[in-house]
Amino acid sequence: MRHTISVLVSNEFGVLSRISGLFSGRGFNIESLSVAETLDPIVSRMTIVTRGDDKVIEQINKQLNKLINVIKVHDFTGEEHIERELALIKVTGTPESRAEILSIVDIFRAKVVDVSPRSYTIETTGDEEKIAAITELLRPFGIKEIVRTGKIAMARSLKQK
Amino acid sequence: MKENGAQILIECLLKEGVDTVFGFPGGAVLPIYDALFDSPLRHILVRHEQGAVHMADGYARATGRPGVVIVTSGPGATNAVTGLATAYMDSIPMVVFTGQVPTELIGNDAFQEADIVGITRPCTKHNYLVKDKDDLQRIIKEAFYLATTGRPGPVLVDIPKDILTAPIEFKYPDGVEMPNYQPTYKGHPGQIRKAVDLILSSKRPVVYAGGGVILSNAADELKTLASRLGLPTTTTLMGLGGFPGTHPLFMGMLGMHGTYCANMAVTNTDCLIAVGARFDDRVTGKIDEFAPFARIVHIDIDPTSISKNVRVDVPIVGDVKNVLKDMLKLIHGSKAVTDFKKNLKEWQDQIKTWNDTHRLSYKQEQKGKIKPQYVIEKLYEATKGDAVITTEVGQNQMWAAQFFKYDKPRTFISSGGLGTMGFGFPAAIGAQLALPDKVVIGIAGDGSLQMNIQELATAVQYKLPLKIAILNNMVLGMVRQWQEFFYNKRYSHTCISVAPDFVKLAEAYGAVGFRARTVDEVETVIKEAMKVKDRPVLMDFKVDQFEDVYPMVPAGQPLSKMLLV
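Chains as they are written, first to last, in this note's numbering: chain A, 1 to 161; chain B, 1 to 565.
Warning: the hint list may mix true and false statements.
[Said to hold, decoys possible] Take a look, some chain B residues computed to stay more than 10 Å from chain A by CB distance:
hint: 1; residue: Arg65
hint: 2; residue: His247
hint: 3; residue: Pro303
hint: 4; residue: Lys369
hint: 5; residue: Ala499
[Said to hold, decoys possible] Computed footprint of chain B on chain A, listed as stretches where at least three residues anywhere in the stretch have a Cβ under 8 Å from a Cβ of chain B:
hint: 6; segment: 15-21
hint: 7; segment: 61-75
None of these hints come from the bench; they were simulated from the model.
These figures come from a predicted structure and were not determined experimentally.
C-beta: ideal position from N, C-alpha, C; glycine also.
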């Protein structure tokens with residue numbers, strides 16, 4: 001099963017390699033990984049998407065906690081949370097296809113961030129399904145290049161009763 | 001008054017109570033060696049950096065205090081890697097200081113530069129590169145703290161040369177601020193209660209104790225618990241000495257070369273009490289068929305050890321000593337204990353039967369070749385068990401584990417997890433330096449010993465009276481045994497009959513050498529060796545090449561499928 005795990009770490013050199021080394025050394029896989037500073041500049045957040053049965057996930061959790069630079073580990077699986085990723089898609093644009101591409105961009109509330117006589121670069125954010133859907137719709141026009149970030153996640157605030 | 005970084009390092013070590021460091025000089029650590037020149041700190045000059053790390057390891061295992069090593073950058077540091085991995089696998093407290101090229105040269109492929117922090121990340125508990133001179137003292141403090149607390153382990157501190165020469169004010173911190181590192185020492189009371197209930201409701205309990213008992217200094221508590229409840233007890237290789245080898249409840253070691261009794265008991269138990277052990281594959285055999293009828297209690301300070309290899313019914317995260325103490329409090333005066341013990345009789349009889357059916361054995365013919373097991377037994381008789389034994393890896397290690405009885409913790413020193421050939425001899429040097437009045441015997445194979453034989457010079461230099469007993473079969477015995485059993489006796493590259501004359505070699509280094517070729521000579525050689533008090537003695541026992549270690553559970557088989565003599 002797939003798990004999205006958020007790891008707070010001290011913002012020091014070498015921490016990323018400790019985490020990735022742990023995953024590769026113990027045969028855990030990483031589907032995606034994104035890292036950036038938090039509000040507190042001495043702390044970074046890593047969002048890791050990984051896959052494994054309960055036993056593997058339990059080990060991942062414990063092994064992460066064992067690293068000296070790890071402050072907190074949180075597995076979002078099974079709780080209300082928001083997941084987002086961002087993709088930049090460069091698609092071939094001819095005068096004939098222009099209108100249709102722009103309407104897809106509109107439907108997905110995406111943005112055109114760069115235009116040339118032969119291409120559009122589209123920025124889109126969303127969960128995995130949304131990114132997959134827009135990619136599929138744009139594919140017939142000819143995708144030249146696609147760049148995606150790893151996933152980031154945040155717990156939903158508790159709703160008032 | 002400001003001193004340079006190197007002098008500060010020495011001050012910090014003294015403040016930590018370090019009395020001995022093991023090391024080898026080089027360009028990047030010249031400032032440290034200059035500071036050592038007129039320091040009260042005892043420095044042991046080794047002949048190879050790997051030797052230094054194993055010596056520090058032996059020192060740590062013999063005393064419980066952290067071993068300390070100083071080596072230079074690049075090759076000095078990479079030579080230390082095997083020693084670090086060895087200590088890491090067996091959770092041995094150690095702090096290794098490596099020199100590094102000056103900060104501004106890092107990343108430039110400078111002379112003797114290696115990214116040792118990168119290289120040792122997976123084989124240290126933690127490691128540091130000191131990038132700012134103001135961090136030096138804090139990092140040293142943290143390094144010792146990390147090495148010795150929680151599940152112990154080696155910590156490496158990489159110090160660039162410019163930090164070693166920078167002026168720094170000596171101000172060693174009193175404590176550490178590491179809010180994210182908080183090992184759990186106290187076991188959860190509810191879990192401990194559950195464990196005691198489970199044990200007292202069982203009919204066929206077995207204690208399976210590992211190296212954690214020794215690391216946590218919990219041998220007394222374990223003995224008390226097992227004796228109070230009448231629990232049959234087995235230990236892992238790392239746990240030898242954690243429970244008295246001569247105790248009536250002791251079943252011997254379990255696992256691949258464990259006793260018939262211990263392996264049968266574990267296979268049939270309904271309650272396995274794992275104390276500071278980690279269910280290593282050499283212990284469990286085929287994991288799906290390990291202790292198939294057991295509910296399992298597992299006490300360990302490291303949460304990652306729990307439910308890593310086997311499912312556990314009652315996990316207890318905590319320091320073994322504390323948890324056992326709490327268990328003892330719970331059973332004190334409990335009426336359930338009396339009933340429990342009454343019901344154990346049948347199980348204890350069964351264990352006695354297993355014990356009597358297949359004891360560890362070998363046949364020594366008076367006119368035949370020397371059996372290696374015989375040598376071990378004679379060493380046991382000569383020392384009455386009052387010795388610190390270190391081993392190399394392979395057959396010598398298994399025979400030393402089987403035929404010498406270890407009544408006290410920290411008297412059996414061996415590379416269990418990593419299985420490092422070349423460990424035992426330098427470890428014996430470290431142990432002897434820590435315990436100058438003890439008899440220290442390094443039991444060796446002719447293969448392993450040659451992996452760090454250069455340390456004979458170190459042992460001679462410091463006039464160490466340690467004994468080395470080579471079980472010399474002129475082959476890489478354990479590999480040869482596997483080739484015999486599982487590879488149709490195709491003895492591929494395991495014959496090492498081209499070897500030095502070990503007696504002459506000992507003499508060449510300034511040590512004493514004795515040789516025993518016949519059974520009659522064994523005791524004489526041991527007796528003569530024990531008389532030497534001012535230098536190392538090497539005993540070369542020419543033993544039977546085709547002797548195998550029994551019992552043996554072939555890899556991947558369940559523990560009950562033992563090959564017996």
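Taking 8 Å as the Cβ threshold, is the statement that the segment 15-21 of chain A is covered by chain B upheld or broken by the three-residue rule? holds (count 3)
May I ask you to check that His247(B) keeps its beta-carbon over 10 Å from the closest beta-carbon of chain A? Correct as stated: the minimum Cβ-Cβ distance to chain A is 34 Å, above 10 Å.
For the segment 61-75 of chain A, do three or more residues have a beta carbon lying closer than 8 Å to a beta carbon of chain B? holds (count 8)
Over 10 Å from every CB of chain A: does Arg65(B) meet that, or does the non-interface label fail? Correct as stated: the minimum Cβ-Cβ distance to chain A is 22 Å, above 10 Å.
Please confirm whether Ala499(B) is truly not at the interface, meaning its C-beta sits more than 10 Å away from all C-beta atoms of chain A. About 37 Å separates Ala499(B) from the closest Cβ of chain A, which puts it past 10 Å; holds.
Any Cβ of chain A at or closer than 10 Å to Lys369(B), or is the non-interface label fine? holds, 45 Å
Given as non-interface: Pro303(B), which should sit over 10 Å from chain A by C-beta: violated, 5 Å
Of the hints listed earlier, the one the structure fails to meet is number 3.
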